[in-house]
Each structure stands twice: as structure tokens, then as C-alpha cells.
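**Q** With the hints as your guide, set chain Y with the ligand onto chain R.
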Amino acid sequence: MSGVRRDKGGLIDRSKPIRFTFDGRACQGFEADTVASALLAAGVRIFARSFKYHRPRGVWGAWSDDPNAVVDIALDGISFPNCQATTTTLTEGMAVRSINAWPSAQRDVKGVLDLAHRFLPAGFYYKMFMWPDWHLFEPMIRKMAGLGTLGQEVSDGFQSAVLHEHCEVLVIGAGPAGLTAAREAAQTGKSVLLVDDQAELGGSAYRIAGQAGWQAPDWVAEQLAAIRSHGGRILNRTTAIGVYDHQMLSLVTERGLGTAPVLRKVRADQVILATGAIDRPVTFENNDRPGILSLEAGTEYLNRYGVRPGSRIAILSNRPDATPYATQLSEAGALVTVVDAASAGLKALGRASVRGLIAGKDRFDCDTVLASAGLTPLIHLWRHAGGKLAWDEGRQTFVPSEGPDWMRVIGGASGTFALDAALDEATAAAIKAPVPARAPYAIAPLRPDLSSKGRQWIDFQHDVTVKDVALAHRENMVSVEHLKRYTTLGMAGDQGKTSNIAGLSAMAELKGQSIPDVGTTTFRPPFVPVPLEAYRSTRRDRQMQPLKRLALEPEHRALDAAFGEYGGWLRPAWYGTDTEQVAVRRECQTAREAAAIMDGSALGTIEVVGPDARAFVNFVYYNTMSTLKPGKIRYGFMLAESGLVFDDGVMACVDDTRFIISCSSSHADAVMAHLENWRQDSFDPSRVHIHDTTANWSTVTIAGPKAQTILKALGVLEDMADFPHMSLRFGTFAGEEARVARVSFTGDTSYEVSVRNTVVARLWRKALEVGAQHGGGPVGAEALTVLRAEKGYILVGKDTDGETMPHDLGFAAPRARKSAAFVGDRSLHTAKANEETRKQLVGLSVPDGAPKLPIGAHVVAEEGGTRRSLGYVTTSHDSPTLNRPIALALVEAGQQAMGNPVKIWHLGQSHTATIAPACAFDPEGVRIDA
Amino acid sequence: MQQFPCPFCGLRDEREFHFAGEAGKPRPDTTQPISDADWAKYLFYCANAKGASHEVWVHTTCQEYFVMTRDTVTMAVLGTHALHEVPA
Ligand SMILES: [Zn+2]
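Chains as they are written, first to last, in numbering that gives the first Met the number 0: chain R, 0 to 929; chain Y, 0 to 87.
In isolation and in its complexed conformation, chain Y is listed as follows:
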């Protein structure tokens, strides 16, 4: 079982977290025309990076969403920061 550092609560067991999606996928402005392909890309396509991957997770016990960078090969957690925070 992995352990993730919630930026608000600290190191907790994986079972307290949910994956919410890949980071860096802003919602398109839906008041403007969007092609089917672009919408599908936003909805369904993931980079699925091998190695360092930026993801949004939620700590279900405090309900805060945050960004986690982790290595998808070694499972090492490289860092976490709050959703609207720009990491140093």
C-alpha cells in the first residue's frame, strides 16, 4: 500500500485518496465552439506518462484536491502541492 503526503494533513495511506484525473487539463470554454475531437481529448485522453506524472488527487477525509507528482514506474512520490498553488 502506498503512502501519499496530503498538503494539508501529511502522510496518509493510499486508501484515503482517490485519483481525480491528470493535472494540466483545463476545462475548455464551452460557451465557444469546440470540435468533437477537442472535447473527446479533454474528456477521455490521458498522457499516461511513463515516469514522472502530474496528477490531481483528492484526500477523501479532508476533501481537498491537490496536485501530486509521482513516478509511475517506481511508485515514488516526487511531491504534492495544493491545487491553486504554484510549486516553488
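Just chain R, same shape as in the assembly:
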């Protein structure tokens, strides 16, 4: 005989039946049932099998403290693994399956593991599977010992939201203490938020026993009405999972299985914790048998769900207040015996379900045991907030002591188990009155019997017994933190809510110490398991990293551009409907033979203005910029203070007080932050300003032998004479200011024409129209990377790594000669910076007919049968201009090895190449002025 549904009592709605299945068997519950209460009412005893030994497991708790009843649930074709049956609201059509059990919890093939328990002691995995490699064993062990199974189905719309809130008083837990505190605080006019993890508020109110005239449902309803009438807000199904810095708490609101919970980040001026207390298990032989429940859970099932957990019930407890519970249960029709938990020689009888209890010489026949070794306050959030704990000898547990002044703990959570005292504490907390003295409460200390030959469970979910703790102790695991890791005690889904004190108690007994001397482990959020989705929320995909869009995007789309993301920008990769290979080859030819018309708007554009602008740019650039004349442009590097290359690009001098920096398109934000740092730290910020104008301008780049002709036809500049490479001119287009920089990233004559976004489409169309007359056409980002690679022009971050300094790239002059201070200067003169084996930028050529080298392939030295990496390929392309593969690489002392053959190694394959100059095309640079 086991659990039975009573025809009256509880908060369930008997007019609304709910059908579901358990391991294929049809069952029925009612609205407001949890999966656990419905299963208990259906007479189910074995809910799951344990993690390691496949021992049958019943339900221990009635809420989030239950370690046993973990199930997989399928609903609407989607399976949800590892659901806590005790906290999951029953829903029509649920298919519930027990975990760790095949074919079912009732008949488990692997239950034979239980007979082999002496071969599976604590630390077994560590010792047994270290050699030769844990990974060989892991798949087998995971299959044997894992928890639930993750389904393949994707739950559409399983999306959450993060809300941010503030309140003056946050009350956590809507039991009698929490309700009273929230009501009192609301009556003072404060903004109050009351949260509780249950659907139906009231906490322990329904199971309070022996309190004359106590009518729980009415009392709870009165409190809720009073709180609401004073403007207080109430959130049910909401768990406070953690307390974080500066008084921020995270609340998770359940919305039912299959719907992602909502995460609330609340900053509260004052927090009142009324999270209650839970029963500790009694540690005795076979204390994990199905049918052994906590005393509070047994009465909770009776009063909240109308389920009497058994018919012949033994209450096994040391609690002074156990008798009224016995009265409640006998009034509900059970035969109840109270057994002293301090009795010697305790043992549970029965295998699949408890059948009796032996206490010393006495034997009690029973189908259910309600056990409690005392109440443990739920002080997790207090510890998250930095509150301290003190051992309370009378209560045989830890209670809150000193802590933050903005948090108060009341009721069961502070060890105040009597109703009247808890309500007094609640009122005092709400009006910030002094904390009333803690009422005396004394229970007999219980320690595990170390002489018992049978197995006594401490952590039900992770199968940790007293013997495992003893083994850990023998093997010198002196700290509780070691004990935890060695035995995995407290590391299951319940995070030790029930096992913590039992484990400490066993350890204390073994060490001959008191429990407070053994100490506690750290409490960390979250208080209950939370789906990762709740944290992700809207921080996903493009909401996390919005794309930067070009003003010319519609123009590119009209030309059938293939788009790609380049450093956060959505840019045209190539144009037309050809394959990438064909299109890139054609665009490279257009660029080399006529002119490339390109969208250069993504390039970072930062203006530096003010009387100290010249000194500033000279300081932030590796290259000497102090001598740059108005109208002139210079290429340079920015370094980090470590001397490493941070960015490269050109800078134009407009006049003595205005400079325009071009930086890598993907790097503009970082460059901006870097410059701001130096401006504010090392300069008078009122004499130099920097401004990111990237988004204010759009740029059409015209590069190739016909570039000059095309630019002339655009009519932007009145006079094209005396406009040499690396200079800047101002003109007009469509009546607006236009800026023309003659710089080149392709090696050909090239102009970057920058105008306001409002007129750039007209400029682009006109450039295409004029360009077409001379054989030019649009060229995308992919062809540009090939064109620049042919010239050996680097991309920072691609052709440089976390060790590259400018002299590794062939720019050694400022290091040797620049006398003014600049960022990174001293770092260029360390022993490391002077090493002859530094990796240097080189080109690589391959034998005739050989394919292009793979990017990332290593240049290797073969010495005595072993390979050593000398560097690696950073860029590799088939050059349409040269009709052969080209590559750039960073190679140890590569400049000294010019012309030497080298071995290349990639994924088990050997190649050969020859070290060559980085610039493979037009090394004399005649085309730039052609």
C-alpha cells in the first residue's frame, strides 16, 4: 500500500482531471498537481534509479529540495530531460519517463550494479579510468551513469526575456513570515515586490500543525489582498536564484514546461529573506528506500495536494514538534507511530518499497517513513550576499549571523520555526525594528553510526554513502571542499540541499571534530537549475552583434552583389551571378587592366583636431608624423605599449590642427578607444580632440590604370595637376564637399573619393557609368584582398600575430631613428624585440604547376626526424594577374632566407616552397604613378 488521493483537502481542483503517462502507463492527476504529487497519488513508489548504483529511488521532498524524482518529460512531441517531478506542474498529455532506468524504474536491468557496489567506491572513476585515458571510458560511463537523455527535437520559440526592475523592499518567500513582512512593508508605503516559487502562495502555511484556529487558505488570501491594496506587487512561480554585486538579485519566473522562463534582474534597497527551512534526512541503513519521505514533504503532500503518502506511517524524528504532524496524519486516516531517530541500530526493511523499520530491538511494520533529523534553514541567498553563518547547537544546524545591513532573514530561514516568533520577526524586519532574540529550540544531536555494516545514504542523487565519506577521510581528504570533489557529494542537480549537513555530520564524526570545525562548502548561484536560454534571452545573433550597413548597400544589391561580413560590416564580396572563383578572377583583371570601382566606406575614418593634434599623432604613430605637410598623406603603424602592431593605415594632414586617420574597417572602435585613452591620459584634452567620422562619410575608390581618366571625368577636382601619390585634395560633387585621397591598396594609381552619405549613390552611379566607358567596373572585397596580397600589403590580425612588431614587417627605420616619444617605443628595444629568430613577413612561391598553399600550413625545419615550426602561411591566393599561386607567411628570420627552399607541413602532408619577397607584383612600383 502506498500513496492515496483523499476525496477532500488540498489546493488541487478535483473538477479538472489531467491525463498523463508514466513509463507508458496511463495515469490521472488534477489541476494544481505537480508531476510528483500526481504520481504519488497514482500509487507510484519508484520514480527513478540512482546515478551510480541504479538503486530504486522514491520521492524525498515535495519541492525544490528533492534529490530523487528526476524524470524526462515529453510534451507535444518535444522531450525535456532531467525535470524535477516535485516542481513541474502537471500538464495534460505529458509522457513522463524515469531516468537511469531501462526498461523502466520498476524493472531495471542495470540494477545489478547495486550488487557490485563494493567495486564502485568514492574516487573510483578517478583511480580506475586515469590510465591510459579517461576519454576511452567516458562514453561507456556516461551511458551507464548519465542522467536524462536530451532529445533531438528543437523547441521552436523557446525564447526568453530579461527584465530589469527596482523596488524598495523585495521579500523572497510567501510563507507566513514572508507574507507578513510584505504586508507590513507595503503598509508603510514602500514599493514592495513579493516573490514565491510556488504557483499557489502560502509556503508552509497549509501544513502548520497544532496551531489553534489556524485557517491557512483564508489567512493567506487576507494577506495577499492587504499587500495588493497597498500597492505591493506579487510574482508567483518566481524563484530568487542568486544575489550579485551591489544588491542585484536574479529572479526566474517559470512559465510551464516547454516555455522559456523569464529572468528578472532586480535591484532592491532592502531584501527580506523568508525562504523557509527543509528537513535533513536521518542517516541510517537503507535510508534511501522508496517510501521514506521527509516529514515536511509528507505533510505537504497531504495538505497541498490532498495525497496521503501512506497508510501505515512511521515518523522517524528528533524534532520536538513532530507530534502535531502525527495528529494531522492520523486525522487523515493513517496509522501513525512516532519513532525516536536517536535510537540505535536503525534499519529500513524492504527493497522496492519500505516495509518496516527496525529501531534497536523494536520492529515497526509500516509502508511509509516520514523522517527528519531536524530543520535546515535555506540560507543560500544570504551566503550569496556575503552573510555569515553561525553554528546553533540547539538547532544542530547553521543559522545566519552577521551580514549586509540591507538584508534580513526571517522565519524558518533564520531558524525561527515557531509561527508566532516568525511573524514577530517578519514585522520587525519590515519596519526595520531591532531583530528579536532567537527563540530557544533544542533537538537531540544525531550522528551517523559508523559501526553499521549496512549502507547509509548521504547524497541520494549521486549515491554517496557514509562509507564513501569514510574512504575520503582515510585517503586524507581533510577539507570539506576536498570531500565534495572526491565523493561528488552535493554536486548533483540538487546541489546538496539535503546532503550538506548530513555529509558534514559524517565528516565531523570521522574526524572527531564538531560540525562547525569541519566547516561548510561555498554556496553559489543558481539556487535551482535554470535553462541557459534564460541567460541568453535577446542577446542572440544580430541583437548581440548588429551588422554595420553601407549607405551604398541598395546599389550593390542592384548589381547582384554577393554579400559577406567583413569585420562587422556587410560588404559586397563580389558582383554578378558567376561563381566566386570566376567573379573574383574577372574583377582582378578589371582592376589591373582598366579600373576597379569599389565601396571604401567601411574603412575607419577618425579626425584629430586641435592645437596639439600634430604632437598627438606623432605620439600615437610609430612613424614620424610631425613632419607631415598639409595636403600630404603618410602610411604608418599604431603600436600597443607592448610594441606589438595594433593597427596600420594612412593618415592625411589637412592643416596643422587637423589630421584624418584611416584605420582597418574592423578595428575602428578599438582604435578610437586606444586614441581616447592616450588623449585623456597623456595630453591636455582641451587642446586635442578626436572624432570617429566613419559613419558620416561614404567613399568610392577608383583604382587602376584608368583611374586618373575616370576621376577627371567625374569633375570632382577642378585641377588634377600636381596631385601626386600620397596627397589629399578637396573638391565638390553635386554641390557638396568632396575629399579625394590619392592612396593605394592595390598597387595601381588609386583615388578614394569621400562625400556625404546623401550624395554617394549619385557618385557611385556616375563612377560606374564613366568607368564602364573605359573598361572599369565594380570590384568587391574578395578581389581586393587578392590585389593587395599580390603587392604584399598586409592585413593586421591576418598577416600579423600576437608577437609581430613593425620591424618584423620590414619597417625598421623609426625604431632606429625616431627621437620623439611614441607609444610602444621602449618595447621595441628589449632582448625579445632584438632576437634574430623573430618571425618576419615574407612571400612564398610554389613550384610550377603546384596548387596554392593552405592558409595556416607550417613552414618546418626537419632536424633528426622531428619537425619544428618556423612559422606559418597567413595569406594564400591564386593570383589572376600573375597566373600562379601567391602566399604571405610569417617565418623565423625569413628575410635572411630569401630565395631558400623550405618545407611546408599541413595536416600530415608535405609541400615545398621558396622564400620570396612579400611583394609579388610590380616590385619597382611603377604602376602607382602610371
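Bear in mind the hints are in silico, worked out from the structure with no lab data behind them. If a hint is listed, it holds; no wrong ones were tucked in.
Listed next, the in silico DSBU-like pairs over lysine-lysine satisfying Cα-Cα at most 30 Å (straight line):
no., chain 1, residue 1, chain 2, residue 2
1, Y, K24, R, K831
2, R, K765, R, K631
3, Y, K40, R, K831
4, Y, K49, R, K264
5, R, K387, Y, K49
6, R, K817, Y, K40
**A** Frame of chain R; chain Y with the ligand shown alone:
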């Protein structure tokens, strides 16, 4: 999540800020000889004070760098002021 008072914008969430370094570490004059040890000290060594710690932070939304004094044990913010301002 912590909250920091930007001297220019007021109290904002931690996610709007970046740590920039410990305060009171002036850049050595690199036009003069500096030993490797001194340069390494400037580049890499931090006092990492337990308790009150003076740090430079940047409020990324207004881009202003400022000095913040905070307790590295309790996470309490003890004060902030603009970079070139001497606190009263
Ligand atoms: Zn600010």
C-alpha cells in the same frame, strides 16, 4: 552586476564600463634611458590592492576616462573623479 558612478553621466551598470588600468602609474619618459625592469614594472606589474584600490576606468558610452576608488573585497565604490581632477 555592479553599478559605477561616471563623473559625467551618473550611476550606470557595470557593463557600460571598461577597466583601463591601475591609477598612479605615469608613463616613463621614453626619451631617457629606462631599464628593462622599470619598463616591465610599468607595463605589467599591478599592486592589486586588497581593500581600497585606485583604478582608471572608461565609461564606454561617453568615452570619458576617470579614476575610481573601490574596495576590492566588499566591491563597494568609494568614489570617482575625472582623470585630471584632484579630488577634494
Ligand atoms: Zn559617462
